[in-house]
Amino acid sequence: MAKILVGYELGAGHGHVHRLMPVVRALEAEGHEVIFFLRNIKENAVLLAREKRPILPVPDLVERIPNAPKPAPMGTYLDIMCHSGFYRRQALHAGMLAWRGLIEQADPDLVICDHSPICILACFQDRPVVQVADGFTLPPASDDQFPLFREGRKHMVDPAHVLQVMRYVQAQNRRPVPQSVTEPFRTAGRLVCTLPELDPYADLREDPVIGPVEGLQKPQPLPERPHFFAYVSLEHKKTKPFLRGLRASKMSGEIFARAMTDDVAKALARPGLTVHREPQAMKDVIARATMMIHHGGNGTSCAALSGGRVQLTLPTHMEARLTCDALTRLGVGRLLMNKDLDKALPAILDEVAANSGMAERATGLAAEIKARGPHRPVDQIVETCRKVLGSAKTA
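Numbering (my numbering), first residue to last: 25 to 419.
FYI, nobody ran anything at the bench for these hints, they're computed from the structure. Keep in mind that the hints are not guaranteed to be accurate.
No more than 30 Å apart at the CA atoms, straight line, and that leaves these computed lysine-lysine pairs for DSSO-like [to be verified]: (1) K307 to K274; (2) K307 to K262; (3) K290 to K261.
Computed spacing ranges between beta-carbons, pair by pair [said to hold, decoys possible]: (4) R191 to R294: 52 to 62 Å; (5) Q149 to A272: 53 to 63 Å; (6) Q114 to G355: 42 to 52 Å.
Built from N, CA and C at the ideal position, the CB exists for glycine as well.
Please construct the entire structure, taking both the sequences and the accompanying hints into account.
This is the structure we're talking about:
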């Protein structure tokens with residue numbers, strides 16, 4: 025059996041852990057030894073405490089690009105890489121030293137990673153890699169440059185500068201030198217874990233789009249009366265005015281907000297509005313709600329889309345905004361701008377609730393997604409790993 029290094033280098037929250045853990049358990053069930061790696065250990069302490077396998081902390085090289093505006097108008101995945109160690113030679117060199125040490129210490133036969141650009145560079149032409157990620161963090165890499173996130177965007181950083189940094193650091197470490205910024209990302213496996221409807225690179229995609237690892241829901245009939253479920257985070261500044269708008273609405277609904285406090289929960293109290301202090305099971309939420317309100321995360325969006333629910337979104341970063349745009353194009357979502365929060369929100373909720381066309385499109389899309397099944401993303405990932413390991417043995 026093989027030793028496999030599994031994890032992610034970039035990204036906050038719990039989504040990456042939830043995506044990778046079913047894969048980890050499936051590999052362990054086949055007898056493989058798995059070592060898990062991640063950057064934000066503290067944030068995932070509760071989830072990780074349930075596990076019994078080794079965990080490796082990885083270097084945190086997130087930094088701002090010098091003189092970049094805030095928020096930074098990122099144009100491609102390369103700009104994200106530049107915010108994470110690829111802009112400066114010193115930062116990337118330090119990251120490579122750390123990653124080479126981790127890889128040599130773990131000595132894996134295979135690396136499975138999600139949103140891990142320095143790890144991928146460290147493995148370039150040395151260790152086989154299978155990328156498992158949602159559409160945004162797994163951009164097409166067949167050309168010499170990553171595609172733009174959307175029309176009208178521009179590179180924040182010249183790709184030629186980044187290639188120069190990558191080539192310099194690789195040469196300094198006596199490692200293979202890439203011919204383009206995308207070459208190291210043409211890995212042995214590239215599996216896109218989202219619904220094709222939400223893939224921001226759908227028109228360019230050549231990699232298999234296998235669906236989310238977990239979270240797809242069965243379509244459920246709509247409740248008779250309008251009822252919202254809001255899954256948001258108080259860590260974002262737009263959330264508090266949004267919650268005031270929900271408080272002012274007469275529609276029944278439920279809220280789960282990360283980082284909720286007693287004072288905020290007390291201020292939200294009104295008849296017909298339930299404030300949850302613990303996460304709710306998605307299948308139960310979809311059964312109770314006619315509309316879902318969230319920040320545009322891929323997992324929540326896939327769950328609501330497969331469950332047949334209209335979605336209102338408050339994006340907080342580029343990936344979420346692209347997901348929101350996709351939902352709007354599908355006719356099942358509405359983007360909430362800053363002007364839509366607080367006093368304007370009750371009327372918007374009533375307008376969406378009265379839009380039978382949106383509800384019908386959401387129900388129809390859910391039926392289409394179900395008909396494409398059965399969805400077997402974990403099996404597909406494990407089968408890809410078997411093939412890659414088999415190829416490595418015969419090479």
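Going through the hints against the structure:
1. Distance restraint check for K307 and K274: the Cα-Cα separation of roughly 25 Å lies within the 30 Å cut-off, and the hinted pair is therefore satisfied.
2. Distance check on the hinted pair: K307 and K262 sit about 27 Å apart at the alpha-carbon level, within 30 Å; holds.
3. Pair hint K290 plus K261 holds up; C-alpha atoms about 19 Å apart against a cutoff of 30 Å.
4. A C-beta distance of roughly 60 Å is found between R191 and R294, which places it inside the suggested range of 52 to 62 Å.
5. The supplied range of 53 to 63 Å is met by Q149 and A272, whose beta-carbon atoms lie about 59 Å from each other.
6. Between Q114 and G355 the C-beta distance comes to about 48 Å, which sits within the given range of 42 to 52 Å.
Comparing the model with each earlier hint shows no violations; every hint is respected.
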